[in-house]
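Model the placement of chain B on the given structure of chain A, informed by the hints.
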Amino acid sequence: MEDLRPTTVVDDPVQRRDLILLERARSGDLDAFNDLVSCYQDQLFALVVRMVPDRDQASDVTQEAFFSAYRNLGSFRGGSVKSWLNRIAVNAAMDTQRARKRRPVQPYPELEDESWQPPATEDADPVHTALTTERTTALNVALASITEDQRTAIVLYDVEGYDYAEIAEMTGVSLGTVKSRIHRGRLALRDRLADRMELFRG
Amino acid sequence: MPTDSERHARHDALLVAAFAAGDLADGERERAAALVAECGECRLLHDDLLAIARATAALPAAVRPRDFRIAPEQAARLQPAGWRRFVAAFASPRLAMTRQLGVGLTTLGLAGLLISSIPSFSLGGMAAGASPAPEYFSVDASQGEAAASPAAAPAASAAPAFGPDDGQTLQGSGGVLLPEPVVPAATDAVTSENDTGAGGRTQRGTAAGVDEGGGAIAPGDPDGGSGSLLPVASAIVLVAGLALLLARRAARRMVAG
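Here the protein sequences line up with chains A and B, keeping their order. Numbering of the first sequence is given in the working numbering, commencing with residue 5 and proceeding in unit increments. Numbering of the second sequence is given in the working numbering, commencing with residue -13 and proceeding in unit increments.
Please keep in mind that the hints were generated in silico from the structure rather than gathered at the bench. There could be a bad hint or two in this list.
Within a straight-line C-alpha distance of at most 20 Å, the following computed SDA-like cross-link-like pairs (lysine to any residue) qualify [unchecked claim]: (1) A:Lys183 x B:Val49; (2) A:Lys105 x A:Val163; (3) A:Lys86 x B:Ala47; (4) A:Lys183 x B:Ala19; (5) A:Lys86 x B:Val49; (6) A:Lys86 x B:Arg55; (7) A:Lys183 x B:Asp53; (8) A:Lys86 x A:Arg21; (9) A:Lys183 x B:Leu36; (10) A:Lys183 x B:Ile56; (11) A:Lys86 x A:Val163; (12) A:Lys183 x B:Asp33; (13) A:Lys183 x B:Arg55; (14) A:Lys183 x B:Ala47; (15) A:Lys183 x B:Ala11; (16) A:Lys183 x B:Leu1; (17) A:Lys86 x B:Arg50; (18) A:Lys183 x B:Asp12; (19) A:Lys86 x B:Gly8; (20) A:Lys183 x B:Ala7; (21) A:Lys86 x B:Asp12; (22) A:Lys105 x A:Gly176; (23) A:Lys183 x B:Asp(-2); (24) A:Lys86 x B:Asp53; (25) A:Lys183 x B:Ala39; (26) A:Lys183 x B:Arg50; (27) A:Lys183 x B:Gly8; (28) A:Lys183 x B:Ala43; (29) A:Lys183 x B:Ala219; (30) A:Lys183 x B:Arg40; (31) A:Lys183 x B:Glu(-8); (32) A:Lys86 x B:Ala43.
This is chain A alone, in the form it adopts within the complex (with noise of 0.2 Å):
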């Protein structure tokens, strides 16, 4: 096994952390492997039921990234894992979406289950709290509707914080072709959102 160490950033405690444990499942331990996948699980599924709002589909493409992860940590070439596993599942997200194009099937199902609400808490206002579930609500449906490639940049900018030269890369698209997606997908999601754009103003 290749000793990843002395190739990368090890100064933050959560990068060496997974860098120990990515060696280890390397070296064959599957619980080491698991504690990976317990770290960044909620964050994988998270971005890709964005990319794929299908919860069920979503679910099967989480799995099948892990799942290539562990088949292949012997091309983990160092640097974040975390950037590493949502590369995998944005690229198998990636191929979801290029498969429901090459065979149309119905659209996206409305979000509209309780697995999206935000989190109440006890001393929440409840008209902040049910107009904030709202507002999720009508973004979560406006961005199903738009475009499978808007809405992969949007996601990937404006909810995964990456820059137009990671996406570029990710998606393998130029970097005008990211820019051009993501402000014709905002200008996609006012237009979704037209009569319900007092949820978003003030």
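Chain B only, in chain A's frame:
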């Protein structure tokens, strides 16, 4: 007089979106800023886009429906076996140089095949291929003529650039490259490889050059083997390079998948 709404319909919404995202260079940024300052609807669009971006960034994460940890029996199935294990090894960072090696071998192979297809290089090979018997080319500048032997004729016809006309001088040395059946010279070629005498000199080797003094040139190995070595070796190198590149590509697809 057009209404505000009619004027706004002619405004560039994409420019406003790019402005809201902070992605415009100086000139366009000023144009967009003026648009947002002067047009109420553009201003509203700009503010709405900012609000949407903020709301998207603040979206709560969906709750995970199940545990994605891998069971030991799943892990056993996921371990690549057989050819998959072999191919997967090419995606390893330790074998990152396989790409460069593959590109290098492929380039070498292609170059070798190209070179061997050039008449001056393949003359011997083709001649050898046409006739397994040893052939030697005698060039005699003083005579300026040569007769084609039956054995060397295919080589000459395959390389017209070298002998379009009888007696044509190819180099300043006055050497003429034309096939000639010089059976005794064959003996000379084998027995006096280092002979540098003028007129009727012989030289053993491939058809890579013309003897300055108009000596005999032996374009191919007397046993007919070295002439065809370059294309065969090039093909092998090319196949090896392509195989490396394909294996690496397959490995990377396995990784991505």
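Checked hints:
no.: 1; hint: A:Lys183 x B:Val49; result: violated (29 Å)
no.: 2; hint: A:Lys105 x A:Val163; result: violated (24 Å)
no.: 3; hint: A:Lys86 x B:Ala47; result: holds (17 Å)
no.: 4; hint: A:Lys183 x B:Ala19; result: holds (19 Å)
no.: 5; hint: A:Lys86 x B:Val49; result: holds (19 Å)
no.: 6; hint: A:Lys86 x B:Arg55; result: holds (16 Å)
no.: 7; hint: A:Lys183 x B:Asp53; result: violated (35 Å)
no.: 8; hint: A:Lys86 x A:Arg21; result: holds (11 Å)
no.: 9; hint: A:Lys183 x B:Leu36; result: holds (15 Å)
no.: 10; hint: A:Lys183 x B:Ile56; result: violated (37 Å)
no.: 11; hint: A:Lys86 x A:Val163; result: holds (15 Å)
no.: 12; hint: A:Lys183 x B:Asp33; result: holds (18 Å)
no.: 13; hint: A:Lys183 x B:Arg55; result: violated (36 Å)
no.: 14; hint: A:Lys183 x B:Ala47; result: violated (24 Å)
no.: 15; hint: A:Lys183 x B:Ala11; result: holds (13 Å)
no.: 16; hint: A:Lys183 x B:Leu1; result: holds (12 Å)
no.: 17; hint: A:Lys86 x B:Arg50; result: holds (17 Å)
no.: 18; hint: A:Lys183 x B:Asp12; result: holds (17 Å)
no.: 19; hint: A:Lys86 x B:Gly8; result: violated (28 Å)
no.: 20; hint: A:Lys183 x B:Ala7; result: holds (9 Å)
no.: 21; hint: A:Lys86 x B:Asp12; result: violated (36 Å)
no.: 22; hint: A:Lys105 x A:Gly176; result: holds (17 Å)
no.: 23; hint: A:Lys183 x B:Asp(-2); result: holds (16 Å)
no.: 24; hint: A:Lys86 x B:Asp53; result: holds (18 Å)
no.: 25; hint: A:Lys183 x B:Ala39; result: holds (14 Å)
no.: 26; hint: A:Lys183 x B:Arg50; result: violated (30 Å)
no.: 27; hint: A:Lys183 x B:Gly8; result: holds (11 Å)
no.: 28; hint: A:Lys183 x B:Ala43; result: holds (17 Å)
no.: 29; hint: A:Lys183 x B:Ala219; result: violated (50 Å)
no.: 30; hint: A:Lys183 x B:Arg40; result: holds (17 Å)
no.: 31; hint: A:Lys183 x B:Glu(-8); result: violated (28 Å)
no.: 32; hint: A:Lys86 x B:Ala43; result: holds (19 Å)
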